[in-house]
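J.: Please arrange chain B with the ligands on chain A, whose structure you already have, making use of the hints.
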Amino acid sequence: MCRVVDLQQAVLAKNDACARLLREDLAARGTAVVNLLSSPGSGKTALLERELTLARRRGIPVAALTADLATENDATRLARSGAPVKQVLTDGLCHLEAGMLGGHLDGWLPQETRLLFIENVGNLVCPASYDLGETLRVVLASVTEGEDKPLKYPTAFGLAHLVVVTKTDIAAAVGFDEAAFRAHVEQINPGVEIVCTSARRGEGDGALLDRALAALDGAPVHVPVMTQQHSHPEPASVLDPNSLVQSQS
Amino acid sequence: MHEMSLALAVVDQIDGAARFERATAVSSVRLQVGELAGVVPDALAFSFELACAETVLEGAELIIEQVAARARCRPCTRTWETGMPPRLTCPGCGGADTELLSGRELQIVSVSWHDAPRPQPTHQER
Ligand SMILES: Nc1nc2c(ncn2[C@@H]2O[C@H](COP(=O)(O)OP(=O)(O)OP(=O)(O)O)[C@@H](O)[C@H]2O)c(=O)[nH]1
Ligand SMILES: [Mg+2]
Ligand SMILES: [Zn+2]
Ligand SMILES: [Zn+2]
Numbered sequence: 001m002c003r004v005v006d007l008q009q010a011v012l013a014k015n016d017a018c019a020r021l022l023r024e025d026l027a028a029r030g031t032a033v034v035n036l037l038s039s040p041g042s043g044k045t046a047l048l049e050r051e052l053t054l055a056r057r058r059g060i061p062v063a064a065l066t067a068d069l070a071t072e073n074d075a076t077r078l079a080r081s082g083a084p085v086k087q088v089l090t091d092g093l094c095h096l097e098a099g100m101l102g103g104h105l106d107g108w109l110p111q112e113t114r115l116l117f118i119e120n121v122g123n124l125v126c127p128a129s130y131d132l133g134e135t136l137r138v139v140l141a142s143v144t145e146g147e148d149k150p151l152k153y154p155t156a157f158g159l160a161h162l163v164v165v166t167k168t169d170i171a172a173a174v175g176f177d178e179a180a181f182r183a184h185v186e187q188i189n190p191g192v193e194i195v196c197t198s199a200r201r202g203e204g205d206g207a208l209l210d211r212a213l214a215a216l217d218g219a220p221v222h223v224p225v226m227t228q229q230h231s232h233p234e235p236a237s238v239l240d241p242n243s244l245v246q247s248q249s
Numbered sequence: 001m002h003e004m005s006l007a008l009a010v011v012d013q014i015d016g017a018a019r020f021e022r023a024t025a026v027s028s029v030r031l032q033v034g035e036l037a038g039v040v041p042d043a044l045a046f047s048f049e050l051a052c053a054e055t056v057l058e059g060a061e062l063i064i065e066q067v068a069a070r071a072r073c074r075p076c077t078r079t080w081e082t083g084m085p086p087r088l089t090c091p092g093c094g095g096a097d098t099e100l101l102s103g104r105e106l107q108i109v110s111v112s113w114h115d116a117p118r119p120q121p122t123h124q125e126r
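Protein chains in written order, with full-length UniProt numbering: chain A, 1 to 249; chain B, 1 to 126.
Hints are computed from structural coordinates only; laboratory data are not their basis.
Owing to the predicted nature of the structure, the values given are computational and were not obtained by experimental measurement.
Some hints here could point you the wrong way.
Stated by the list, open to error - Calculated lysine to aspartate or glutamate pairs in the DMTMM-like style (CA-CA distance at most 20 Å, straight line):
1. A:K14 to A:D25
2. A:K14 to B:D12
3. A:K152 to B:D42
4. A:K86 to A:D106
5. A:K14 to A:E24
6. A:K86 to A:E49
7. A:K86 to A:E112
8. A:K14 to B:D15
9. A:K86 to A:E72
10. A:K152 to A:E186
11. A:K152 to A:E178
12. A:K152 to B:E81
Chain A with its partners taken away, still in its complex shape:
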């Protein structure tokens, strides 16, 4: 017989449960994850190279996992810092999911690691939906991408704990309007901090590392409006009388 079953399950339930477990496991050993999101080529690897090098110089145990569809180039670049680095090839997938991480971390991530940086696949759409167990989600945009990037990718920017502007050394050349960029970010994610960096010139060196260490030590992390949907959403107008699905008592 035909019946209608109320499932009420989040589509991302499995990923979210996996991410929660990962966050707890890592927290128990004193490690926090930093998830870096941006479009292809915004400068994730370049910024990370500097921050890893700085961390090593300061004696802070860090590690990095970098995801790409193909090539080990980013891992090779990051490994120059001397930090443990691992390349994840996603086999065509445009984003990382929490369930993909365990297998990569087991037996590789050094016990003493305090910060694990994850460079997500260069893509501002898909990775935004997947919690990777991070304590800090960082969304980057380079000055060449246009001030309205946050409006075009509201889910990515709306869920960020920290926004990083990259390549400020060429801001003047491309006519980057920082005030407009800041206003757009504020519209989507009120109150989120925005830091300006240049991996070329060294502006903002250590900003990412300092924020990540503070978060690891329990400093309050920004709570984006988009992550705190009211727990009792207004009932959406539901039943379409013509649809096949009818609720049953």
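T.: Using the frame of chain A, we list chain B with the ligands on its own:
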């Protein structure tokens, strides 16, 4: 495009539940997709059809309820539709202490399926 991954997750969850309940065929699936869920409903519908192939969901209809994004200003209690791109600062007082009321839904609401006739009626049959 992560809609394929999402469609596979939907099918996986429902397939599991259907097997557990010994359902023989799923006729429809109802999802709620918020305006700010970062999902393209058409892409999800397209992926869903592919993801259902050769499962108990084969041929199932996907009904997507789109949920508009609404926000509320805590200090001045004004509520508004955020629009797209969303405005999450208050259009009234300009404040930034905003509560999201709806728009991030990405939820399997209900499923309609056929149960196999069982030799002995159980409390689940109606
Ligand atoms: N001028 C300037 N160029 C930069 C800066 N940071 C990165 N670049 C250049 O931008 C290009 C892309 O940088 P990557 O660090 O590879 O960017 P990515 O975000 O890791 O790229 P994907 O991993 O492919 O998504 C390279 O040619 C870098 O040299 C910067 O601060 N200033
Ligand atoms: Mg890179
Ligand atoms: Zn994708
Ligand atoms: Zn207000």
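J.: Hint by hint, note whether the structure agrees.
T.: Do the hints match the structure? See the list:
no. : hint             : in the structure
1   : A:K14 to A:D25   : holds (17 Å)
2   : A:K14 to B:D12   : holds (10 Å)
3   : A:K152 to B:D42  : holds (19 Å)
4   : A:K86 to A:D106  : holds (12 Å)
5   : A:K14 to A:E24   : holds (16 Å)
6   : A:K86 to A:E49   : holds (13 Å)
7   : A:K86 to A:E112  : holds (16 Å)
8   : A:K14 to B:D15   : holds (14 Å)
9   : A:K86 to A:E72   : holds (9 Å)
10  : A:K152 to A:E186 : holds (14 Å)
11  : A:K152 to A:E178 : holds (17 Å)
12  : A:K152 to B:E81  : holds (18 Å)
Every hint, counting from the list given before, is met by this structure.
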